[in-house]
Amino acid sequence: DTGVSQDPRHKITKRGQNVTFRCDPISEHNRLYWYRQTLGQGPEFLTYFQNEAQLEKSRLLSDRFSAERPKGSFSTLEIQRTEQGDSAMYLCASSPGVSVGLFFGSGTQLSVL
Amino acid sequence: KNQVEQSPQSLIILEGKNCTLQCNYTVSPFSNLRWYKQDTGRGPVSLTIMTFSENTKSNGRYTATLDADTKQSSLHITASQLSDSASYICVVLPNSGNTPLVFGKGTRLSVIA
Chain G
12 DTGVSQDPRH
22 KITKRGQNVT
32 FRCDPISEHN
42 RLYWYRQTLG
52 QGPEFLTYFQ
62 NEAQLEKSRL
72 LSDRFSAERP
82 KGSFSTLEIQ
92 RTEQGDSAMY
102 LCASSPGVSV
112 GLFFGSGTQL
122 SVL
Chain P
127 KNQVEQSPQS
137 LIILEGKNCT
147 LQCNYTVSPF
157 SNLRWYKQDT
167 GRGPVSLTIM
177 TFSENTKSNG
187 RYTATLDADT
197 KQSSLHITAS
207 QLSDSASYIC
217 VVLPNSGNTP
227 LVFGKGTRLS
237 VIA
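Protein chains in written order, with the working numbering: chain G, 12 to 124; chain P, 127 to 239.
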């Protein structure tokens, strides 16, 4: 097990296009989180899954954003009709329990031109 | 409102010197407080996790302290190395169900030769 894996590492897209990111958590971690981080800021919570159930969703997650974790393992985050303001690092993290630290992936850096 | 404030925003020190980073939080009650190190372009990596009953925890040259009465934590780095250059993020887990982690904006540390 090599930790949380995110793909792609970098994504450049034109405004209006759709993008999808993938996260493979550490195996047997039932909790999976998506965060967004812009330069000089801490990560901002987007959404949280426990197994396949999406239990929490930030108001930051507009209707253009959707996340899934269909089998309780990997997760995808899709952004439709991207805007320049969506440019950020999208971080995925997994955890075996709330009292244990989050294990982050290296993130997907999105640039919307 | 749950908040985590970190200071200084950025810091430059000479290799071999010690430094202390500060974290003040208003999250109450809280379950635990974490310090993460984030290298540029990478996801955060956990350094320490402390519950409200712990006063200090060490991880090599990193020592975190916690004063739950004043709601302050510090991260002390001893004998700094060039590889310590990174952002250090203070994170608090509220003790209230599925409330997301509260992240500080981080302190950007640069260690120079």
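Source of the hints: derived by calculation from the structure; they are not laboratory data.
Just so it is clear, CB atoms sit at the ideal spot from N, CA and C, and this is done for glycine as well.
Hints are not guaranteed to be accurate.
Simulated pairs of lysine to any residue, SDA-like, Cα-Cα distance not exceeding 25 Å [unchecked claim]:
no. : chain 1 : residue 1 : chain 2 : residue 2
1   : P       : K231      : G       : P81
2   : P       : K231      : G       : R92
3   : P       : K183      : G       : S110
4   : P       : K143      : P       : T177
5   : P       : K231      : G       : S110
6   : G       : K68       : P       : Q148
Taking CB as the label site, the calculated pair distances span [claimed, not checked]:
no. : chain 1 : residue 1 : chain 2 : residue 2 : range
7   : P       : D165      : G       : E55       : 17 to 25 Å
8   : G       : G96       : P       : V171      : 24 to 32 Å
9   : P       : R168      : G       : R26       : 23 to 31 Å
10  : P       : D165      : G       : A64       : 42 to 50 Å
11  : P       : T196      : G       : K68       : 18 to 26 Å
These are the hints, each one checked on the structure:
Of the supplied pair hints, the one linking K231(P) and P81(G) is violated, its CA atoms being roughly 32 Å apart against a limit of 25 Å. Taking the CA atoms of K231(P) and R92(G), the gap is near 28 Å; set against the 25 Å cutoff, the hint is violated. For the proposed pair K183(P) and S110(G), the alpha carbon gap of about 16 Å is at most 25 Å, so the pair holds. For the given pair, K143(P) sits about 29 Å from T177(P) by alpha-carbon distance, which is inconsistent with the 25 Å threshold.
For the hint linking K231(P) to S110(G), the alpha-carbon distance of about 22 Å falls within 25 Å, and the restraint holds. Distance hint between K68(G) and Q148(P) is unfulfilled; the C-alpha atoms sit about 30 Å from each other, more than 25 Å. Between D165(P) and E55(G) the CB atoms are about 19 Å apart, so this pair conforms to the stated range of 17 to 25 Å. Evaluation of the 24 to 32 Å hint for G96(G) and V171(P) yields a pass: the beta carbon distance comes to about 28 Å.
In this structure the hint that R168(P) and R26(G) lie 23 to 31 Å apart at CB holds, the actual value being about 27 Å. Between D165(P) and A64(G) the CB atoms are about 32 Å apart, so this pair departs from the stated range of 42 to 50 Å. A beta carbon spacing of about 34 Å between T196(P) and K68(G) contradicts the range 18 to 26 Å that was offered as a hint.
Of the hints listed earlier, those the structure fails to meet are numbers 1, 2, 4, 6, 10, 11, in rising order.
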